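Asker: Spelled out, the chains give:
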Amino acid sequence: MNEVAAIVWNANGMMDADRAPPLSHGWLMRYRNYRVFSWPWLWRRTLVFGVLGTGLGTLSVLVKIYQVNDWRISAEEFIVGLGTVLVCIGAGPLLATLVRLRRWPDRRESVGVTCALLLGAGLFASYVGMVEHPFEREVMAPRLIEAHFLTPEQAYDLFGSDSRDKAEPILTVDSANGHGIHVHGRWISLITGMVLYGVFGGGVALSAYFREKRFIAEQARQRQLEALRLQVDEADLQLMVLQAQIEPHFLFNTLASLRSFIHDDTGRAVTMVDALVEHLRATLPQMREGSGTSTLGQQLAICRSYLEVMKLRMSNRLEYAIEVPLACMDAPFPPLMLLTLVENAIKHGIEPKRGSGTIRIVAEQRRSADGARLLVQVIDDGAGLRGGMGHGVGLSNIRTQLALRYRGQGRLSLVGRSEGGTVAALEIPEALPRP
Amino acid sequence: MNATALIAEDEEPQRRELRRLLASLWPELEIVAECEDGLSALEALQARQPQIVFLDIRMPGLSGIEVARQACSMAQVVMTTAYDAHAVQAFEAGAVDYLLKPIAPERLARTIERLKSRLEAGNRPDITAVLDSIQRLAGGAERARHLRWITATVGNQVKMFAVEDILFFMSDDKYTRVVGRDEEAVIRTPLKELLRELDPEVFWQIHRSVIVQVRAIRSVRRNDLGRLELSVEGSPEALPVSQAFQHRFKGM
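From first to last, the protein sequence lines are chains A and B.
Every letter in the first sequence is one number past the one before it in this note's numbering, and letter 328, counting from 1, is 328.
Count along the second sequence from 1, add 435, and you get the number used in this note's numbering.
Source of the hints: derived by calculation from the structure; they are not laboratory data.
Predicted model, so just to flag it, every value in this text is computed and none were measured.
One should not assume that every hint holds.
Said to hold, decoys possible - Which residues of chain A face chain B? A partial, calculated answer using Cβ under 7 Å:
#1 P248
#2 N253
#3 S315
#4 H391
#5 G392
#6 R399
#7 G416
Yeah, the Cβ is synthetic: ideal placement off N, Cα and C, and Gly gets one too.
In isolation and in its complexed conformation, chain A is listed as follows (with noise of 0.2 Å):
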């Protein structure tokens, strides 16, 4: 789970940069590109913060060596001091950590983490109060006055160690103005002490947590909002799909050239029907069968009646080949791309032109480092590339369809040839990227 919070961090960080916490990189903040209270992140942390500690810790020993000259005393120092810097630093946010693992609801979780890195600072309290406390006004304080560091009164205003007189009561008008910094002291040692458990025991953990919750939770909203939109366009794109299987412009224009050819062709009339049919048979069935099932060489059927319907009407001055390796026929092939490319060939290309034109259509299988991609070109010698500006839809539903299909991984490009006329390329992979 931990690893997977780890991953789940920097897919984030990658799928939204914008939006994601920035990842840190240097060792000290590493800790926060895992989950607040994971055990990657509480062991990173306690390590990050335990040799910051203990380094404190090994300097403040030191000077105590030189202060009392007594090894074994400032040893006895180091290793409370170093459980006081465990226990701030790590039993709230240990706590947490464990209440984290019971991957209880929401609110209850919430509520759980808190109530953990309070009870940690109740535990760090109880620590300075039962261990720390009571060793340095016992053990600490009489050997600093012993060595002259401290007169009795600084002792008993930082530790509360009085050894000036074991039988003055410490509530005395004498002694109220030393009682008066004695209680000062202590207020400072509080505030401290807090200050210290926020930053360094949970507090600053626990604000990180709330942050990381509610940008999970917007994560959440924004994936919601990211797979409806999905849906939509892919109800758009099924719509735009059976809406475009036939173009009643196509049809009746070449029923319109179809009488002509009953009156003085009737050999083309017969070709111009068997064609239309094969036309009609290639696209209706799949107005039934939606989109997801169209194989290359259904969709170069589809192409070929066409082109085959259009040389017909235009009079021969339309010619074509198709040039596809037989191996490339099952490849699944998105519905449509192909034909509003052959059919802005015959559009740009080839009707603006005078004379005649050839649209070629030619595939090849593609194999590279991320699996073997499909290259479909439809190529005609018309009237090529105008510059400019250009509001066509046509193509600008194949670039949605690959978008949406391909999620990034397929291409359409459109370059003139120095020779005249343009080149169309689709390049899809061929297997569908999981989403």
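Got chain A; can you put chain B on it based on the hints?
Answerer: Below, chain B without anything else, positioned relative to chain A:
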């Protein structure tokens, strides 16, 4: 004198069919010219001065509607179309004749009656308003959409770019640079014209000479001179932001 007519239709079999139908229904009609595209129709119109013009709405080059605009002051115009609901409505409103393809002989006979009586009366209805409305209806759907493609020169090649792939446009003397993720091209279209066509939600002008795609913006920073600069995903160039457009980046 016999009536004269011109047929403009890009598909030869259909031209032949119309000629055949006319020959049987109106044998006296003299077809003075047959044209395959709008431009040659216009030329023939000037040269041969026919009384009647049969125009296909969809033709390569100059469309039938554009030809009709010029022809309607000189001749009776009959439009032909395979399927164009809008055009049909427009013609009905303007009482100008239209024929749906495949052309039915009975319908053509009615058109011929109408043409004969109009020729006798010598009146030529002004159909410019009607043509305007067809063009609006036919083109309206297209025009309402924003620009999707730019065809531009890359080195010695012409390529089409989807506007989604364009990071920014920058005017550069007489050309406009089109900078995409992987390549760069030039077009002659000035920024002002592009701005009219681009989706204002997706492309922002940020400087007199720069239009940027909002989604490509990576960061905005103030340079040493205190001016705002944009950097975009996939391009090392820093784009200047003019004072006038800085309000768009307030709080960023």
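Asker: Give me the numbers of the hints this structure contradicts, sorted from smallest to largest.
Answerer: No hint contradicted; all consistent.
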